[in-house]
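When you line the sequence shown up against our numbering, it's residues 1140 to 1693, in that order.
It cannot be assumed that every hint is accurate.
[Claimed, not checked] Calculated pairs, DMTMM-like style, for lysine to aspartate or glutamate (alpha carbon to alpha carbon, straight line, at most 25 Å):
{"#": "1", "residue 1": "K1646", "residue 2": "E1625"}
{"#": "2", "residue 1": "K1583", "residue 2": "E1198"}
{"#": "3", "residue 1": "K1646", "residue 2": "E1579"}
{"#": "4", "residue 1": "K1542", "residue 2": "D1647"}
{"#": "5", "residue 1": "K1542", "residue 2": "E1685"}
{"#": "6", "residue 1": "K1214", "residue 2": "E1554"}
{"#": "7", "residue 1": "K1312", "residue 2": "D1287"}
{"#": "8", "residue 1": "K1681", "residue 2": "D1647"}
{"#": "9", "residue 1": "K1438", "residue 2": "E1400"}
{"#": "10", "residue 1": "K1542", "residue 2": "D1531"}
{"#": "11", "residue 1": "K1263", "residue 2": "E1352"}
{"#": "12", "residue 1": "K1639", "residue 2": "E1579"}
[Unchecked claim] Computed Cβ-Cβ distance ranges for the label pairs, DEER-style:
{"#": "13", "residue 1": "N1667", "residue 2": "P1323", "range": "46 to 54 Å"}
{"#": "14", "residue 1": "L1151", "residue 2": "M1452", "range": "17 to 25 Å"}
{"#": "15", "residue 1": "L1454", "residue 2": "K1542", "range": "41 to 49 Å"}
None of these hints come from the bench; they were simulated from the model.
Don't be surprised by glycine CBs; every beta carbon is placed ideally from N, CA and C.
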Amino acid sequence: MKPGIKNNRFQLAQQAIILLSIFISVYIICAIPINSHDFWWHLNTGDYILEQTQLPGSEDPYTFSVINSDEYNTKRAEFINKQYWISQVIFSFANSAMGLQGIIYLRVALFSVIMFAAYFYVRKRTTILAACIFLPLFILTMAIVLEDTDRPQNFGFLYAFLTVMIVEFAIHKAKRNYLLLCLPVILLYANSHAGAAVSICYLGVYVFFSFFEKRLIPYRGVLAVCFALTFIAIGLNPNGYQVFTQILGTNQSYVASVTSEFRSPFSIFHPSLAYPGWTAFWILTLIAPLTAVYLLVKKEFSAAFILCATLVMALISMRYIFFFTPLAFYFTACFTGSFLDKRKPNITRHEGVAATFIIFTFALILFLSHQNMQFYSFNNGLPRTSPLIRQDIYPITATQFLKENDLGRNIFNLEAWGGYLEYHLYPQYRFFTDTRNLDENRIKQHFSILAYNQQGKKLLSEYNISTVIIPPIDYRSGAIYNIIREFYRSDEWQLIFYGKNAMVFSKDQRSTTISKSMIYLHVLSQLNYWGQIYPITPAYIKSLQEAKYFLARR
């Protein structure tokens, strides 16, 4: 056999091993139970669109709490209900075809495409070894996004990354027509998630720097045309250009202040170091400035600006992390490849070294992700996740109890549980709220009732709420909800059910009441469970002392 043929076969085998290793690594990290609170109302909306063959409007059939009638909030409600329709329909199709297992397979497929695209674009710029050095870090950062598994934003991460990759690839290969591929990508993005504005900003950066960045000057005209066409395309969605006004709307500052994903990752820096995905993210944030300097030295100002901008976004708010990590991997891998090519050409061309490194790094990913293996079982020889949804964050048994009993039309619920309850119990019941955050007033009302202050008591009466379903504690902080304390003392509200993580109270149903001593017993049980998962906080210690005090008085 000729040496050239033998070498080609070896390279093909090596590429196959790499791609298989990427897929297995993605599967191990991604194929976990559904844990998103947003997912259920997205799935519900997708089902509605397919059943009614139309998009929902500003009217909300699932919840009953009143939305402020001013123009901003009316438009926001309609914006939220319409903006994500393509991704919601995809969720619905996957669920119809394979049930919730289909949602998990869809997630694996989506993140596999992101990883394959990242590897493909890097390999077009550099060697196998350089491409794989930082790939494990990038793959591990998926675990951060999957702390909230299935949302339309995952499609957005793919589209945003592809926007930059299309531009970089077209310039690197001198294929100006490839730039027009941004048009369908952004059109899909605009009908899947409001983050399409991010891709427009990426293109705007390239257009701006095309006036003085040497590598972009020959493409200035086509970049400008591409930007203009994609700006038109972004308006071809049910909400038009509201993607800009809603994102920039100052009315949502309160929503951001009470939503954990809007916080800076620095707020959880110390506990995050215990998790491989977060550790990988912090390593990439340390490497990114060096990569940016390298890009500036090469006078690739647009790439340096985009990398630094996404880094700043990721450090300001956790919801932007996966805009940053794919680009950090791509530009850092290219930088590393250029560095190694100049200084260690023999190493970068030695396929045996590359193959050994690849096997080692992907084995490391499997080792670091061993905790995910608890979710796997086998059915007829095929791996599947078991269970399909995370059992400890959804009110599964309480939902079944509500389904089997008629407890009144309007139910107050924890905001995070709204989507799950609506999906399983509408139209038998309507619920107070869900995580769509249609307006600020609804969120404030929700917190007033949880605090059980005068405003909260008034709202329970005004909305004719006779049933409440809530957990005993905020499982992240360990704080007991004040409404639990007040219901413990109240003669009006009775405990009629408690499950693994939920309690149901009623002021009309008296025949099936449970001793209120079970309230603090349930509080203690939940504290013991979540205290093993989240860091111990002062609120947790206070709740533990309170529970033991009341249980000692029984």
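Quickly compare the C-alpha distance for K1646 and E1625 to 25 Å and report which way the hint goes. Holds, because 13 Å separates the two Cα atoms, which is no more than 25 Å.
K1681 paired with D1647 [C-alpha distance capped at 25 Å]: violated (32 Å)
Hey, K1438 versus E1400, does the alpha-carbon distance stay inside 25 Å? Given that 25 Å is the threshold and the Cα spacing comes to 35 Å, the pair is violated.
Quick one, are K1583 and E1198 close enough, alpha carbons at most 25 Å? Satisfied, since the Cα-Cα distance of roughly 20 Å is no more than 25 Å.
Starting from K1542, check that the Cα of D1531 is at most 25 Å away, please. holds (19 Å)
When you check the alpha-carbon spacing of K1542 and E1685, does it fall within 25 Å? violated (33 Å)
I want to verify a distance hint. Is the separation of the beta carbons of L1151 and M1452 within 17 to 25 Å? The hinted range 17 to 25 Å is violated for L1151 and M1452, with Cβ atoms some 39 Å apart.
Can the restraint linking K1646 and E1579 be considered satisfied, given a maximum Cα separation of 25 Å? Violated, at about 28 Å.
Evaluate the given range 41 to 49 Å for the C-beta pair formed by L1454 and K1542. holds (44 Å)
Quickly compare the C-alpha distance for K1542 and D1647 to 25 Å and report which way the hint goes. holds (17 Å)
Are the Cα atoms of K1263 and E1352 separated by 25 Å or less? Satisfied, since the Cα-Cα distance of roughly 22 Å is no more than 25 Å.
46 to 54 Å as the expected CB spacing between P1323 and N1667, which holds or is violated: At 52 Å between Cβs, range holds.
Going through the hint list in order, the structure does not satisfy hints 3, 5, 7, 8, 9, 12 and 14.
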